[in-house]
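Enquirer: Chain residues, written in single-letter form:
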Amino acid sequence: MSTVEGRRPEDLDELLAAYALDAVDDVERRTVERHVAQDPDAARELRSLRETAAKLGASEASAPPAALRAALLSQIATTPQEGRPTPQGARADLDDRTAPLAAPGRRTARRMNEGFGRRALQLAVAAALVGAIGVPTVTALQERGRAIEAEQRADLLSDVLADPSAEVLRAEVSGGGAAVAVLTDDRALLVADGLEELDDDHVYQLWAMRDGEALPSTLLPPAEDGTVQALAEGYRAGDGLALTIEPAGGSEVATTAPILVLLPG
Amino acid sequence: MSLPQPSTKDPTVVSSEALMVAVAQGDQDAFAQLYDRLARAVHGTAQAVLRDPDHAAEVTQEVMLEAWRTAARFDPAQGSVRTWIVTLAHRRAVDRVRSVQSQRDRDQKVLDADTDRPFDAVAEEVEETMERQRVRHCLDSLTGTQRDAVLLAYYGGFTYREVAEKLESPLPTVKSRIRDGLTRLRTCLGVES
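So the sequence lines, in the order shown, correspond to chains A and B. Be aware that the first sequence starts at 757, since it is given in the numbering used here, and climbs by one per residue. Be aware that the second sequence starts at -6, since it is given in the numbering used here, and climbs by one per residue.
Isolated chain A (complex conformation) (with noise of 0.2 Å):
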C-alpha cells in the first residue's frame, strides 16, 4: 500500500491492528506513526490495541535469570538518564532527591501454627475468630435465629481445626478485611472478616490454584455481622487459594485481579 503524505490510507484500521502486533515493516511502521501523529481518533485506536497486544505478551511471563536484577541495578547507577546529570550528580545534591515511595502493600501468607503448642494454637485461632464471629452475649428472641447459625458456622471451623493435617493461613484482604483459611487434606474453609460490602452486580469468588490454574471454585454468601465463611468446593489437599470479585453469578476465568492470595507453605 501507499499513501500520500497526510491522506488516510484507506486499510488504517486493518494497519493500526498489524502495526500493534509489529507486524509491519519500516516503511509502513513510519507511515502508522506520521499518521497517528495527527489523527487523535487512531492515536485512541492504537492505544486500546496495544494494550491488547500488550497482554499477549504479559501472559508469557517468566523469570528472568537471578543475576539480571543486580546487573541491571549496578549499570543504573553509572547510566544517565535522559535530560538529568548522571546519577553520582543527581545523588551529591541530596535536596533534589525525591523521599523513597512507600514499599507497595504485598499480601503475605504466614502460616500460624508454626512453633510449639499447634494444637493449642488452633484452639486459640478458634476462640478469637468465634469471638469475632459474635457469639451473642445478648440472649433476645429475635437474636436467637442469628445465635443459632452462628455456633454452626463456629462448630464448622471447630471441626476443621480439629483435623491433625490442618495448616492455617493468615492474609490481609486488598481493599480492607482480613482472612483466615484452615486448610487440611480434604477441606479449605475460608473465613474472612471486614469484607467490604459489594453491589448486587457483583460476588465474591474463592478460586483453588493447582498446577498453574486457577479453577474456579465457590461464591461467597453474604456476610452475616461482618464475616462471611465458606468451605471451597473441588479444593484438593495442596491447593492454594484466592479471591476476586467477579459479576454476580461468578466467572469461568478471573475478570479482575486477586484480592487475596493463600498459599500453602
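Source of the hints: derived by calculation from the structure; they are not laboratory data. It cannot be assumed that every hint is accurate.
Quick list of the computed label-pair ranges, beta carbon to beta carbon [as the list claims (entries may be wrong)]:
no., chain 1, residue 1, chain 2, residue 2, range
1, A, D942, B, E118, 25 to 31 Å
2, A, E766, B, E10, 35 to 41 Å
3, A, G950, B, D68, 34 to 40 Å
4, B, R66, A, P796, 16 to 22 Å
5, B, P163, A, G994, 48 to 54 Å
6, A, G990, B, Q71, 40 to 46 Å
7, A, E989, B, L58, 45 to 51 Å
8, B, R154, A, P977, 52 to 58 Å
To spell it out: a stretch of chain A is covered by chain B in this simulated footprint if at least three of its residues, at any positions, have a beta carbon under 8 Å from a beta carbon of chain B; those stretches are [stated by the list, open to error]:
no., segment
9, 795 to 807
10, 830 to 840
11, 968 to 982
12, 1008 to 1016
Computed far set for chain B versus chain A, every beta-carbon distance over 10 Å [to be verified]:
no., residue
13, D45
14, S92
15, D141
16, E158
17, L160
18, S162
19, P163
Ideal placement from N, C-alpha and C gives every residue a C-beta, glycine not left out.
The hints should help you fit chain B onto chain A, whose structure is shown.
Expert: Quick look at chain B alone, frame taken from chain A:
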C-alpha cells in the same frame, strides 16, 4: 496491573505510574520496585518471540535499561507503564528475531506451540496465572484463522505479508483477520476502546 483492579482500592499500593515518576527523577529504589513488577512480563514477551533464553535475557536487560534512561518520556495519557514496557519489549524482540533468525527457523518454533511451560509454584504470581488463563480463554473465542493470523504475527515476528504467505491466504483476507482477531480479543479482555 494487567487484570483490572476490582472496585475496592488498596491505598497502600503505589501505582507503577507513580514509580515511573520517581524513576524519571533518578530514584533507583523505585526502579528496583518497577523491575520486580515488570521484569517477568518483559522477559516472557521476549522469550515468547525469541525462543532463546540468552537473547531473551539480553532483550530484557536492554528494555529495562531503556526504561531507566527514557523514564522522563513516559506519558501516562498514552497508556499504562505495563503496556508501554511490554510494547517496547515486543518491538525489540521482533527487531532482533528478524535480524538473527531465518524465516524457516521461526516457522518451526511458532508452530511447535510451547504447551509445557515449566510451572514455578513458588515464584509465579497468582494474578499472572489468572491473566494467562484469561488470554487463553479469549484466544479460544477467535476463529481458527483469526487466531493463527494473530499468533503468527505476534509471536512469530512476521509481517502481515509474511503471514499471508505462510497461511497461503490473500493479503486482504489476512489483514482483516488480524484486525478482527485483535479487536475481538480486545473486547473479550475488557480493554476500553
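Enquirer: Determine for every hint whether it applies to the structure shown.
Expert: Hint check results:
no.	hint	verdict
1	A/D942 x B/E118: 25 to 31 Å	27 Å, holds
2	A/E766 x B/E10: 35 to 41 Å	36 Å, holds
3	A/G950 x B/D68: 34 to 40 Å	38 Å, holds
4	B/R66 x A/P796: 16 to 22 Å	20 Å, holds
5	B/P163 x A/G994: 48 to 54 Å	51 Å, holds
6	A/G990 x B/Q71: 40 to 46 Å	42 Å, holds
7	A/E989 x B/L58: 45 to 51 Å	47 Å, holds
8	B/R154 x A/P977: 52 to 58 Å	56 Å, holds
9	795 to 807	holds (count 7)
10	830 to 840	holds (count 9)
11	968 to 982	holds (count 3)
12	1008 to 1016	holds (count 8)
13	D45	13 Å, holds
14	S92	12 Å, holds
15	D141	13 Å, holds
16	E158	13 Å, holds
17	L160	13 Å, holds
18	S162	14 Å, holds
19	P163	13 Å, holds
In this structure, none of the earlier numbered hints is contradicted; all agree with it.
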